[in-house]
Amino acid sequence: MTSITKPKVQHPANLKNQIGRTRRDYEGSMSTLCAGCGHDSITAAFVDAFWQLDIQPHRVAKLSGIGCSSKTTAYFINESHGFNSVHGRMPAVATGANAANSGLYYVGVSGDGDSLSIGLGQMCHAIRRNVRMLYVLENNGVYGLTKGQFSASADVGSKSKKGEANIQSPIDPVLLALTLGATFVARSFSGDKAQLVPLLKAGLRHGGFALIDVISPCVTFNDHDSSTKSYLYTRQHYHEVASVDFVPLQREIRTDYAEGQRQPVMMHDGSMVHFRKLEANYDPTDRAAAIARVRSAQERGEVVTGLLYINESGMDMHAINNTVETPLVDLPYSTLCPGAAKLDALMEEYR
Amino acid sequence: MTSITKPKVQHPANLKNQIGRTRRDYEGSMSTLCAGCGHDSITAAFVDAFWQLDIQPHRVAKLSGIGCSSKTTAYFINESHGFNSVHGRMPAVATGANAANSGLYYVGVSGDGDSLSIGLGQMCHAIRRNVRMLYVLENNGVYGLTKGQFSASADVGSKSKKGEANIQSPIDPVLLALTLGATFVARSFSGDKAQLVPLLKAGLRHGGFALIDVISPCVTFNDHDSSTKSYLYTRQHYHEVASVDFVPLQREIRTDYAEGQRQPVMMHDGSMVHFRKLEANYDPTDRAAAIARVRSAQERGEVVTGLLYINESGMDMHAINNTVETPLVDLPYSTLCPGAAKLDALMEEYR
Amino acid sequence: MPGVNDFTLKIGTVNGTGSASANGLLMQAIFRMGIPVVGKNVFPSNIQGLPTWYEIRVNKDGYTARNAPFDLMVAMNTGTYKRDVAEIAKGGWLLYDSSWPLPKALHRDDITVLGVPLGEMCVETFGGDRERTLMKNIAYTGALVGLIDIDMDVVMGMLHEKFSKKKHLLDSNDKALRLGYDYVKKHFKCPLPIRLEKMDKTGDHILIDGNAAAALGCVYAGATVGAWYPITPATSLMENFNAYCQQFRVDKETKKKNFCIVQAEDELAAAGIVVGAGWMGARAFTPTAGPGISLMSEFVGLAYYAEVPAVFFDVQRTGPSTGMPTRTQQADILSIAHLSHGDTKHLMLFPANPEECFYLAADSFDIAERFQTPVFVLSDLDIGMNDWMCRRLKWDDARKPDRGKVLSAPDLEKIEKFYRYNATNGDGIAARTLPGVHPKGSYFTRGSGHNKLGGYTEDSDEYREVVDRIARKIDAAAESLPAPEIITHKGNTVGVITIGSARGAVMEALDRLRDDGLSLDYLRVRAFPFSKAVHDFVASHEKCIVIEMNRDAQLRSLLILETGVHGDRLESLLEYGGLPFGTGQIIAGIRGILEGVKA
Amino acid sequence: MPGVNDFTLKIGTVNGTGSASANGLLMQAIFRMGIPVVGKNVFPSNIQGLPTWYEIRVNKDGYTARNAPFDLMVAMNTGTYKRDVAEIAKGGWLLYDSSWPLPKALHRDDITVLGVPLGEMCVETFGGDRERTLMKNIAYTGALVGLIDIDMDVVMGMLHEKFSKKKHLLDSNDKALRLGYDYVKKHFKCPLPIRLEKMDKTGDHILIDGNAAAALGCVYAGATVGAWYPITPATSLMENFNAYCQQFRVDKETKKKNFCIVQAEDELAAAGIVVGAGWMGARAFTPTAGPGISLMSEFVGLAYYAEVPAVFFDVQRTGPSTGMPTRTQQADILSIAHLSHGDTKHLMLFPANPEECFYLAADSFDIAERFQTPVFVLSDLDIGMNDWMCRRLKWDDARKPDRGKVLSAPDLEKIEKFYRYNATNGDGIAARTLPGVHPKGSYFTRGSGHNKLGGYTEDSDEYREVVDRIARKIDAAAESLPAPEIITHKGNTVGVITIGSARGAVMEALDRLRDDGLSLDYLRVRAFPFSKAVHDFVASHEKCIVIEMNRDAQLRSLLILETGVHGDRLESLLEYGGLPFGTGQIIAGIRGILEGVKA
Ligand SMILES: Cc1ncc(C[n+]2csc(CCOP(=O)(O)OP(=O)(O)O)c2C)c(N)n1
Ligand SMILES: Cc1ncc(C[n+]2csc(CCOP(=O)(O)OP(=O)(O)O)c2C)c(N)n1
Ligand code: SF4
Ligand code: SF4
Ligand SMILES: [Mg+2]
Ligand SMILES: [Mg+2]
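Those protein sequence lines, which keep their order, are chains A, B, C and D. If you're matching positions, the first sequence starts at 1195 in the numbering used here and goes up one per residue. If you're matching positions, the second sequence starts at 1195 in the numbering used here and goes up one per residue. If you're matching positions, the third sequence starts at 2 in the numbering used here and goes up one per residue. If you're matching positions, the fourth sequence starts at 2 in the numbering used here and goes up one per residue.
Don't read these hints as lab results, they were simulated from the structure. All C-beta atoms in this analysis are idealised placements derived from N, C-alpha and C, irrespective of residue type, glycine included. Careful: at least some of the hints might be erroneous.
DSBU-like cross-link-like pairs, simulated, lysine-lysine; straight-line CA separation at most 30 Å [said to hold, decoys possible]:
hint, chain 1, residue 1, chain 2, residue 2
1, D, 257, D, 401
2, D, 253, B, 1536
3, C, 258, A, 1536
4, A, 1210, C, 415
5, B, 1341, C, 533
6, D, 533, B, 1536
7, D, 166, A, 1341
8, D, 418, D, 199
9, B, 1395, D, 441
10, C, 544, D, 401
11, C, 415, B, 1341
12, C, 253, A, 1536
13, C, 533, A, 1536
14, C, 83, D, 401
15, C, 83, D, 418
16, C, 256, B, 1341
17, B, 1536, D, 441
18, D, 401, B, 1536
19, D, 453, B, 1536
20, C, 163, A, 1536
21, C, 256, C, 395
22, A, 1536, C, 415
23, C, 401, C, 533
24, C, 395, C, 453
Under 8 Å between C-beta atoms, here's a sample of chain C residues computed to sit facing chain D [unchecked claim]:
hint, residue
25, 341
26, 403
27, 408
28, 411
29, 577
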């Protein structure tokens, strides 16, 4: 027996991008997630997206809360700044960072527990402020790191929930963001790199808050009572002593399908998710249509993926605030301090 | 000069309801809100609604957060139990209270600051859990009690915002609730008692979480920079010394109009709000239609009022939990404690 | 004995009726006459219709503490007649609006009652509810002008300044002022023995509240990011910061702002924003009050452990819980000292008045950056929201921000490899870098276990190495924080220790006691952890009386824990009913304690 | 000297590979042999693929503390070979999977190396990654059965119990067990000198973790509402409560539950739910850890001031901030004592082991209702998540819940008018009513200023009257809280004071020291505020050594503040690296301190 060392994310070639960097330069520390975790697939897509965009690694700020998903900011771009903050409160930290320095690329990585339970208010308000950042919600329907409690997005990516949605309706971050006026809303699947990488790139380039909800199956706790292939089943019928003891080494789930197509994908627990990719001529500039589209897909038991809505004319937090172009952190003190003379003059108003 | 003592809410007659109570029995302490505050009108509607429903006063639990709106739980039904908790966290207190005792009527009173900023996450999750309670959001677009900062519902009830909605889009509690799967969603206006009282009654009778967003103008801080009739203008051009010093005694704004009609109402600051009452044959059982209806009204600059959506077949928190019918607080200890013998037996499993 | 330029007066009205403007005018006029004056607002936690009071103390020697009972009571609120009349000093005066009768039961033999039919006169003179209500305030101001001899020219000058562009308002105000003035001149012997005479004692001074002063300190320190959630009594700090920034920080041509204020969705978010901005290298702050402090505690623990500079203003109000939001207290000291779960200890600064709010606010950013940790500036409602007479605020243009150990791009070029939490010298402070500055400066920030290289760890020794260093860093900071204010006299064995806004009343009480032959030493802490000077003071006095505004003797607790002094050497004198200390109360308290000690 | 029924062993594996089950099996088998045993899990904060350890101590005298270094190391993780080999005691044994070579550099002369090709054997014997990985754990178990003489019948019995319905699994397990067993029997001299011999010392005992025991306490106390947000190491408390309720609290026919568990959206909400339920009259609780405590502090202040009963479990982990979530500490004591802004003080209970978790959990509800205030039960990761050997838990069927002063409908009928905060006798406790019970019981609850009648107030005297009474109530509670555990010997002048899970190591250390001729008195606090017995103990010893698991000597701070003892009479012995105290460490620590004192 040995530690389970997973290879660092691997890439086809050691090609250099426009700024002379290889993909390797966008990799991070070794992942400590479970083998086959969807989150690791998203990490790999991040590496590709940043590499392809020729972004200087140290000009990237990666922010996250707490959770398996939130850990992943350590697993890409070593040479950037990461901040693993507190559970559910990453949006505030990102808001403050962006307020201070509008010049960097901001990536927030979160989970469905982090964003839809404890962090729901913060995520909604970051959307409302239109903080310029790419916000990736690695959505697995469970709290991975605390061992498998259901999250508010519940059974995402599973057909086995049979009507439970009507009992305690899951919170859909995509519908929420569309309702709240978000200016970039997309959904994808961790295993669909062909779709995910371009979406990440688009999100990084967006002039405001870009939400990408990525269905990202948890290989370890994705179980439903009814599934005989699930981990829960294994646990109950095999190992009682310790509750999360054996985690089978799984392979990551991958898929690749054409625009406009419906694609059933089998999850680790044997359940099926039916993805439907937006057609090539879908118009992502109509918010009401986007909402209707998501709802109608849900009614058909499909998860629609792709860029659902975009509005590049929205004003971000700094535009609303009318902040100077120079990032605030770069302003010299001399322009910030009004100086003694002005203070003396001001004192007259206090007499 | 004297203290501004406002009459207790007055009613036409001293009629008795089915349980022999007069309206007076549903009144509370004297309001300490500004004369003419919309919240006081809602309080009066509460008195009527409870009286008409023949509810035993002491079987009512009133919960609130902090704010002018949240204070109003003290201003109706003295003989009930009120809990003025902490800012934005009333939904949790109500959830716990309801979990403990499913037998009472629960009324939550909140403001737009209380519910849409600090309390946004909690409100959303109370909706998701479908806690059986009437939740009245007294929406004035500002933080009244802390003297007039804009809230996340911004300029609600005003036409003078000229496109600002596109800059930092207000959060609409009605759209949010519809998106989150709420089973009772309505909107009304504080001054429209004829509409409000029946809605409150319906909400009190609803088997789950009933949200009523009530536009409730703040007479003191309802100003917009552009309005020359506003308090802000008065303040800037008249009294510099203290920021909120003079609050003119205003009259409450009232209206009464027919179903299906459009009704422009002038606010204290001179701006107009165009209310549109749902037509009598509106079908409130179609969630998607309700969302579309609210959006299309917004596009026309109208605020649609009435019962937008209802679904009486939803399961509330206790139904989901499958709790016993008897309120938990009424269960005798003997049914709760398994007793010594069972413990002794259980100990065998720990060997 | 009250007399010329030495008396107190109190005005009881109803809030939302415009009296605050009139009261401000009154105080400002006295100030402009060159006479030391201070005003305190006692207001309810609502917007309109409840009793509110304004207390003015005129004192030629410049004492600024509260000083009940009152020599002159202006009772304009029938709802509080009883209470107001009871608060008049023996031999004092009552001015009331005789349009409404004063109940017989309230008459007192030992005061002089002056009835002025202000309401009636205003109804006769002005039209409309609004104007009548507003002008009644100016009318009682006019009556006071006559009664205590306020310089009419000064008052008129102020009205002209104020209404220079609104002739009709000037006219009404002028008319109302005369109504009251003429009435008292005609009916009473004016001025009263308690009256004003011009002096030249306020020339170097200003009237300012602590929140405005603190906001100005933030502007001068170069703060660029402010995050907040409105809460009494901290709200006006950010409102003032915004106003000053609009004045000083907006590009004249482009109208662009070189600051960013975020009204957060709650205090958790406000704290997070400040932490995010501090991490990026901006000077960032958030003002709040008790409930906000509780909500911020998780983020404060993060900033402490991840070593992110951040400034928190706590304008304290009466707790616990919502408590009395419009009353003052000093009761967050102990919670803040160890805020957040786990082992933590935080730097605190304690301004005593608006002047110190300005300087300590400016200092707080230097301290936060130097020690890479949250810094709390604790004022209170009394300091934050009342206008105090202070010396004019000064700035030294030579002063540059102390950014602490921040590695620049050239610094980074020079070194082999950067490790974030690797302190190389004895102060326990590790150099940091700012994101985006240089590839070599990259590091990973986390609130989870980390070693001195910045790596994640679950190893006991690595963990301990970092938290031990942080403990050293915080303790070592003590000597770099603002020094205590100390007054000693040879041979004294008893000292008085106080904090924050209690200063004024304590200083005056000590002067009075000294005049009476009882000399006591004095120390006011201005920062936590305490420096050697505090330790020495405690050690060198047989007994210290700790005077503070909370129920649980929180400062005393910290003194015991930090200095190691035995508790029986520290007596407590406490006030926590929500109003500032009065001088008399402290004199009586000290005497009581010293007698108890002797007995 | 280790020997028969007296040794320690440690197993190093990778998490998520199934070793925890095997380790549990091992420990349980020893327990069933009647031999006192304890196991501690040292695991990472992730789900799969990182190093994890399990430490077992076998001790015929029943000592349960951690006791490094280890007599036998089972090193199954090549990634931690270095560290694992270093932790073996002189003269000890190393069992490693010889399918992977042990680097030469790690060989030690002073230990015996036992290589067993577990991996290879499993690859040969089983098919598929899954089964091979899982069975390797059973194989090392088999090896240990042979090496330390575990009773094979006991082990086989357990496997039969476990797999009674899964014949094929039984077969694999049996096969795997034999693989390891046969190999060691064949290649090494079995058993080793450290080995087991049946005893009869565990018959009255159980193996249980503190979270399960606490959950059971909640069930027996009649708690009906549980609110929580998952967090390590508190999660299993609510999971266990749920499991017990499913077992004991679901109506057999209707399947309806007489409990309601709410998985809240965060800890703020969980606290609010508990406060709402407590206000309604339910017994409600929430389990959490440090970060949750920080987030709950606003609600805790509300419950304190509005006097709502509520029970909070803090299963402490290593702070500050996220800290090390899978490591233990006792570092929330000081923050909780005065949690929330303003003047507050909270009741705390400190169980030392799972047995006390059960009893104190049950007591906590009585205490919360009696004193109408939040009660905190502070255990820690070591207690909460590890299986401890405890006496069987007992319940007295005569025990009824103490609901405190709650007025029933008939009570209310009898009285004129009910006022909520009007305490009529000296204990400072005012009667409360429950909503919905009777019209006369209605009152308004608020966290803002209120007078003793329950009315809103901003009046200093009325405010003070209520907060003074609350302070009295809390202090008076001290004598009703669980008494400290005290062991004294005539003539001793030095005492040891400890808390919570440190008990085991401290008790053992004191026994050892006494054997060596050094007798010390002992006190373990079980509650805060401290009762007279604690005051007396402190007062009657010249010197006390306070042994606790945090950096800042938090218990010591509270002792100084509460008992008034001079700090120089309290020495500190601290451990805060995240692992439980070891006995040796305490012995050395005490000796060091006493030598320092003498010098
Ligand atoms: C304040 C606080 N509460 C609880 C926790 C424990 N906790 C850590 S991660 C997590 C949930 C993670 O779920 P999610 O965000 O969906 O991430 P995943 O692990 O599923 O990727 C929780 C509850 C915490 N760290 N902090
Ligand atoms: C934790 C906390 N933060 C801030 C406040 C201050 N505060 C009191 S009421 C209020 C806003 C009230 O706005 P809203 O809910 O819209 O009520 P309104 O007064 O407008 O009816 C705020 C910010 C508080 N009481 N508690
Ligand atoms: S527990 Fe689930 S979410 Fe967490 S690392 Fe493992 S597979 Fe991924
Ligand atoms: S401030 Fe506004 S919301 Fe508050 S009481 Fe006055 S009118 Fe109503
Ligand atoms: Mg998740
Ligand atoms: Mg509002």
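Open item on the list: Run through the hints listed earlier and report the numbers of any the structure violates, in increasing order.
Closed with: The structure conflicts with hints 5, 6, 8, 10, 11, 13, 14, 17, 19, 22, 24, 26, 27 and 28, although it agrees with all the remaining ones.
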